[in-house]
Amino acid sequence: MDIRLALALAAGKAATAASRRLGLGAGSNFPGKVVLRLHPRATEKIASRLARGCVLVTGTNGKTTTSNLLAAMFRQAGLRPVHNRVGANLISGITAALAQASDLSGKPGGDIGLFEVDEATLPEAVRRLRPGLVIITNLFRDQLDRYGELETLAHKMDSALGEMESGSAVLLNADDPLVACLGASSAASLYYFGIECEEVGEGVLRHAADSKHCRECGSPLDFAVHFFGHMGKYSCPLCGTSRPRPHFIAERVGLKGTLGSTVTLTTPAWKTTLELNIPGLYNVHNLLAAAGGAYLLGLDEEMVRRGVEGYVTAFGRGERLPVEGRNIFLVLSKNPTGFNEVIRTVREEGSDLVVLAALNDRVADGRDVSWIWDVDFEELAPLPRVLVATGTRAWDMALRMKYAGLDPARLEVRENLRDALRTALSRTAEGETVYALTTYTATLELRRLLTRLGAAPGLWEER
Amino acid sequence: MKGVILRICHLYPELMNIYGDRGNVIALERRCAWRGIRVEVSRLSIGDPLDPTSFDLFFIGGGQDREQMLVCEDLSSEKGAALRQAVEEGAALLSICGGYQLLGKSFLTWTGEYLPGIGLFDAETVGGDTRFIGNVAVRCTLEGAEGILVGFENHSGRTRLGPGCRPLGKVVYGHGNNGVDNTEGCVYRHALGTYLHGSLLPKNPLLADWLILQALRRRYDLEALPPLDDTLEEAAHRAALRLTREERGPLRSLRRLAAR
Ligand SMILES: [Zn+2]
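So the sequence lines, in the order shown, correspond to chains U and Y. So for the first sequence, this note's numbering puts the first residue at 159; every next one is plus one. So for the second sequence, this note's numbering puts the first residue at 148; every next one is plus one.
The hints are simulated quantities; they were obtained by calculation from the structure and are not laboratory data. Every residue, glycine too, gets a C-beta built ideally from N, C-alpha and C. Any given hint might turn out to be false.
[To be verified] Which residues of chain U face chain Y? A few of them, derived with a C-beta cut under 8 Å, are:
| no. | residue |
| --- | --- |
| 1 | Arg525 |
| 2 | Ile530 |
| 3 | Ala556 |
Next up, chain U with everything else stripped away, as it sits in the complex (with noise of 0.2 Å):
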């Protein structure tokens, strides 16, 4: 037994349970730190006795939904993934995860690992991890503060990709230009998901920001039909450039708006119609990510099925939670295309909403708020009763709303989370559903808030 991993991993497990008792929750770095600084190569050790590998999601948008889906599906085939807390997405949160799986030895407790991985770590993930399969679901700008340009993480993301052995295998997004065009120069396989149902799409593009040049030539590209940011199909008119022809399709899509939708997937072995409880078409790609990380695999149609069909809403996703006799729709809202999306899936509800939007600028939201001046309010404007705006940010978001249209005697600024709850649940009859708007931290702070009130269970009691 290696006795300096020993220690590294006593100490982990212990720094753990501390962090948990102290209710520092997800995205807590402190155990992994503890790991790492005993034993460097410690998450490498765990990681290589997994009898099936692992498996890294990144991605802008879509990291965890797509990994706590693949995750269902791998419990549906009898597998036992180790699997890494919402948020905990460098190395440090990995190496955690992989401690608390495994015993004193390094020996981990489950087969298979399944670890979403923040964008600007994948370089170092691959290299320790020596991932099978990498699955990147979008690449948006999100927090420049923290990522700096889109361009050079792509670039990045590119040569990490290049690092991986022959015999794995990469599966990206084809209908996003940005990740298509990724790992021409690895040598893993490349594999592609994509919507086909042009129905779901627009024939114009919403924001002049989300069009997207050639990485080949540099020409704009020209788009067929457009799903949503710069998703679409698209072909560059110059050099020929065109969007890969999937493997994971979505042949047929039908929404409904906050309850989910009916998707007619189609692998190359064989195609299935599903009921995904999760709303909105960036679900529908969420979903196509898991289901062909799934089928590359080996997993079955089965078991894909069960996955889905079985599945709980990963947390603050699209989650509804009963409160005092009403609703509280809590969704996750971090950046201008995921706003979109979540805004286009609130307006089916109707109008006169109550709705709770709440703006954090900590360091895990993006210090930098203006881009809520890219999101499409204008959109949201008619639909509030009532808007209480709140987090650090409450009075940009308040001020964001009043420019797009909003009459600001509908808009009501509480700083504080708990006044804004309150707030938002004193103005909504019963039975009806709060929408809560709620960037990453605000989220976090969100469900604490609801799981003292007995609305949601707590984190750590989660699956």
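Given the structure of chain U, go ahead and fit chain Y with the ligand onto it with the hints provided.
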């Protein structure tokens, strides 16, 4: 204000749009609409000709390196000259971050790329090895818009002004043009350059109204704009200033100590 029309030219909206800069155009449009001023926004991009007499107010936002290079090339045509002519003839202009850099004389990036500017501003920018990132407060010294400006900066370029233009203001918290001489932004006639995102204009309504007034004066005889109810704008400004002071103010280290 019946019959009054403001003609805005939004330059390269699909290329120069880093993080919410379009909020500035939204603010200009709304603040005019609330006063009954009609607004026409034209969006001009690569290859589109620019008629210097057709617009009263120009806007150009920030962009990423690749986009900035495309725009630099396009501006080096007669378009750059047309833009300079419009400003010489009294048009108002707001440029943010990457746009501001391209309207100066030159931009030498950290990787050694030389981007010639159109020389509207007597300013030169050199890329630095670190980025200036964070909340900013600036004491604006622009006549008619004196007060504190709040915003968020995120740039590696260090800009130095020559004698041909004045700074927009003095940095109170943050880095500003270059992190050394305490200046932020620049002013030449009715043209402004600044590193402030946020978006800038919604939380700084004085500056928004200054731009609208200068732009309208090009064709209308106006003393001032009718006032608006800016209660919410002022509250947002105060809140942002408070956060900036907490983050970057003199008591920062004490507060950090207390938070431990
Ligand atoms: Zn091309």
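Here's how the hints hold up against the structure:
| no. | hint | result |
| --- | --- | --- |
| 1 | Arg525 | holds, 7 Å |
| 2 | Ile530 | holds, 7 Å |
| 3 | Ala556 | holds, 6 Å |
Violation of the numbered hints given earlier is absent; every hint is satisfied by the structure.
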